[in-house]
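Residue numbers (my numbering), protein chains in the order written: chain A, 1 to 582; chain B, 1 to 582.
Read the hints as simulated data drawn from the structure, not as lab findings. Please note: incorrect hints may appear among the correct ones.
For chains that are exact copies, the list does not tell them apart, and a pair is met inside one copy or across any two.
Distance condition first, Cα-Cα at most 20 Å in a straight line; then the derived DMTMM-like pairs of lysine to aspartate or glutamate [stated by the list, open to error]: (1) Lys10 <-> Glu182; (2) Lys193 <-> Glu182; (3) Lys5 <-> Glu182; (4) Lys295 <-> Asp261; (5) Lys193 <-> Asp315.
There are 2 protein chains.
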Amino acid sequence: MFLVKAALGKIPLDTLVRGASLVNVLTGEIQPADIGVYAGKIVCVESPGSVPPRQAAQVIEAREKLAVPGLIDVHMHIESSLVTPARFAEAVLLHGTTTVAEDPHELANVLGLEGIRLMWAASAGLPLKVCFLVPTCVPSALGLETSGGEIGPLEAQEMLAWERVVGLAEVMDFLAVIGGEERIIGILEAGRKAGVVIEGHNPLLRGRELNAYLAAGIDSDHTFMEPEYMLEKLRLGVTVEMQERTMTPEVISALRQLPSDPDVLLVTDDVAPDRLNEKGHLDQVLRRAVELGMKPVEALRSATVKPARRLRLHDRGAIAPGKAADIVLVDSLESFAVDTVLVDGQVVVRGGKLSWCPGPEETLWGARGSVRLPPLCQADFQLRAPILEGEIQVRVIVSDPHTTATEEGRAILQVREGIVQLADDLAWIAVFERYGRSVVLSPPSSRRGQGVVRGLGLQAGAVATTYAHDTHNLVVIGRDPADMAMAANALIRVGGGLVVVRGQEVLALVELPIGGIMAMEPVSQMSEALRRFEAAAGTLGMHPPHLLMRLASFTLPVASGLRITDRGLVNARSRQLVDLFL
Amino acid sequence: MFLVKAALGKIPLDTLVRGASLVNVLTGEIQPADIGVYAGKIVCVESPGSVPPRQAAQVIEAREKLAVPGLIDVHMHIESSLVTPARFAEAVLLHGTTTVAEDPHELANVLGLEGIRLMWAASAGLPLKVCFLVPTCVPSALGLETSGGEIGPLEAQEMLAWERVVGLAEVMDFLAVIGGEERIIGILEAGRKAGVVIEGHNPLLRGRELNAYLAAGIDSDHTFMEPEYMLEKLRLGVTVEMQERTMTPEVISALRQLPSDPDVLLVTDDVAPDRLNEKGHLDQVLRRAVELGMKPVEALRSATVKPARRLRLHDRGAIAPGKAADIVLVDSLESFAVDTVLVDGQVVVRGGKLSWCPGPEETLWGARGSVRLPPLCQADFQLRAPILEGEIQVRVIVSDPHTTATEEGRAILQVREGIVQLADDLAWIAVFERYGRSVVLSPPSSRRGQGVVRGLGLQAGAVATTYAHDTHNLVVIGRDPADMAMAANALIRVGGGLVVVRGQEVLALVELPIGGIMAMEPVSQMSEALRRFEAAAGTLGMHPPHLLMRLASFTLPVASGLRITDRGLVNARSRQLVDLFL
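Chain A with its partners taken away, still in its complex shape (with noise of 0.2 Å):
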């Protein structure tokens, strides 16, 4: 037992932190220590000046540092920054998270399983701990969307049974649950045999439907928060999962008047390229959690120690001896701005500047050549109307101006020779099946939906996505069908990613060649290729804000409103594919 022998001071330590003013996320309060490291982990917290005097392979002075546990995210997932997870580790760090829960729920939808073990295996051994949690809803909507790969029972139990697999991932299809519908509950039951934490995600449901679904042992939530709404869910045994969107001066207030220390976490969720880039990860969302009226020490308690034992890491969470020595170095609590991080007692980041590496990423090359389509011509982004001639009526997907949310709207539009005319404030959204699994014979093409979309102010060109919740098929917008098929083509060649078309030029073309969703970039030139596209799109007439979210949501038939996937229009609310022509 070296650690004993390290904390006796029997033989000298690898690291000391000295003089550390530690944040105790145990008992809550501050008070000066030095940090005795020793085989990656802690094994002396001391009041500076212990005699007799420490004997330290490296000491780093900490002076004028607070010293806290590395932060814990047990919600989001890493597809959502556009990059692999090593490239992700070198933007997280330097913002003081520690360990993730990743949810591959975006790779699991591109190639299933395999994917899943791609993204595992690239993650093993970097600095930043990644854990997993089995996704639960791939695809999001049976029957109503065609994804690249499934997660049914069998898989979870498969991937329960790896290393750093720690629980079951948001369970978002609270109607399968409640209803209940064969792979959700065969998914549940193998994380039940498994022992393993349970992750919800479940926006409107009440009283005796939120009932049900916790019966079912699904006991977290992270979406949108009224007090009312969180109170319930606190008081029934939810732990809730705050993002930084989720958060408002009235959450945080009927949190503090609360008797007892409720089961409150910060997480992050999805955090794009840029955002991460310019405002950070966790640490984030802590800042406004306190500038929103928590009190700074909970609100790390709320990304250290309860995370942790959320996940049932019982190894880290606190700066205490005998846990991991993943420790951090911040200026102050409301500030958290990162000096120096510690994982496992290697210093990765050192006067805020990373000094770790990632090496050449090989594995996830195997998750290349994931858009499987032919190349496509005008004509398929042409409409073809039951009429010859003459007017018809059809849906519309109209898009909220400010979020992600649509809504169901009307359009009668002109016929001409069996194809339907634009109107102007209109464009055309087509989604194609893209990983080869759906083929329709007659005339031999892939599935696809298409439709009208009304409200992102698009003028002309097109722009196309393979980065499209949560199946990720190739979504093309557009109100010129040739630019639509330069579009879509530019990313059929690339192997995905987003591109900006117009007048037959492509304007803005981001590369995301790992599963159409990711890349090799680091986050920084993913945050500067984003904002080139969001220019490019600009010039097109969308200036929405979070114009990727938007339009990657479109696809999303378990939001609200009228979607459309590669199967056609789907009416959210009631789960059921609708005519497009009325």
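Starting from the known structure of chain A, arrange chain B on it as the hints suggest.
What follows is chain B alone, placed relative to chain A:
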């Protein structure tokens, strides 16, 4: 998923607990609630009068009652109540305890892993949920005493694979941990591999030694607490487990002043049958905590949701959908007068009366016949001196009149014909190895330790016990060798227990045939038997409080002061055998 259907109201509930005031251990609030139970689980918690009305096979009206989760005790020894698990269940269910983590340290000392297996089998299927912790210090003091069984790394590993085994029990031998002793290091390694909780016991450790002990992964303590010691431990990540005797207003006040909710649990440890009968179980610790100033709901959290999480029993500890229906109805948190207890949805206590009756207990018959000694005679209790005539100086075990503490004293005694003569303020004490494991060849006899004790008040006769921490060898204390022999032989004949003899007459005999430490009778009967034993001992002049604990602690070489085992006198501080004669 019938749970989901029951929660939705699509099928009738098994039980509806109607109109209770639910003490919500998750938020600290008290709320009116109807609680629905199906298939042993809580499936819904909702406002009374929710519509449509619930259908239920059984309705329990709970108006004017508080509904709280069943109490959970993470540190205790069933054997200390001198009864079998079924009899223990019978007693503690009436007090609202529904889960215990049994540390079978005592029976393990008598019968090793086979003894634990019997205890484990005997506690299966009881309405009291009996989990097990692996005893880690059997015997407690290697080389200083002879036990009937040993638990090493292999036994620990085997036991950790059994169902209901949730961790390693109190690691008492902190010197072995700090010294890197092979047995304990191997056992800790087995616990770490199994990923279970490791319970501690470290009364005296501070500073570097405490850090070293914690670095070994042992992160709880339940020993005597000063506020300063307790705070040091909490800050270093120790879960503090408070017993009734360690709670003081100062300790409670120190806890209340911490900025964050600390890791504090309530536990019982050892509860003698008379105390269990008269005062109660974990409910009594809870009442005491509240009396001393702990907020009632925090005391309740420390006996429900917090211990559940400590033991990683995530299926219980709160009244919330999906949790086991372990529900207790009480009048108030201050009185904690138990009216009704449900375990896994089954009513086991109603109107303060047990509605469950233990069946015949056959398993533990296998633990009988553990006192393997031939009859003893008067000569076995005479102390031979190394001189024939004159005076000789001896070490004396000086017993504190109020506690189980001892000190080393001295006495000068007369020797006649080679036999030491007793002075008026002393009594003989002899400890016989009772497992047939250490036979001395010349003359053939069992190994024994002999000594003298001061401070018990014994004037005449003899007492004997086979319940003697931790090895439970046969301890005989007396003024008269003939009475001592008779007392010893009485216990040898019945297979163990407690006895008082005077003038060759047995004044009281408590039979403990199961391993020499437990009986098949109910707690109430054992309580009466213990009173008769104490009354009889009183006629010999012994009137100390906690008589059984004091008699049983002379043999505890891991405590402080001067102790005695079958191997002789032990200086507990230096952990060394010392000579009786100076």
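Numbered hints the structure breaks, given as an ascending list: none
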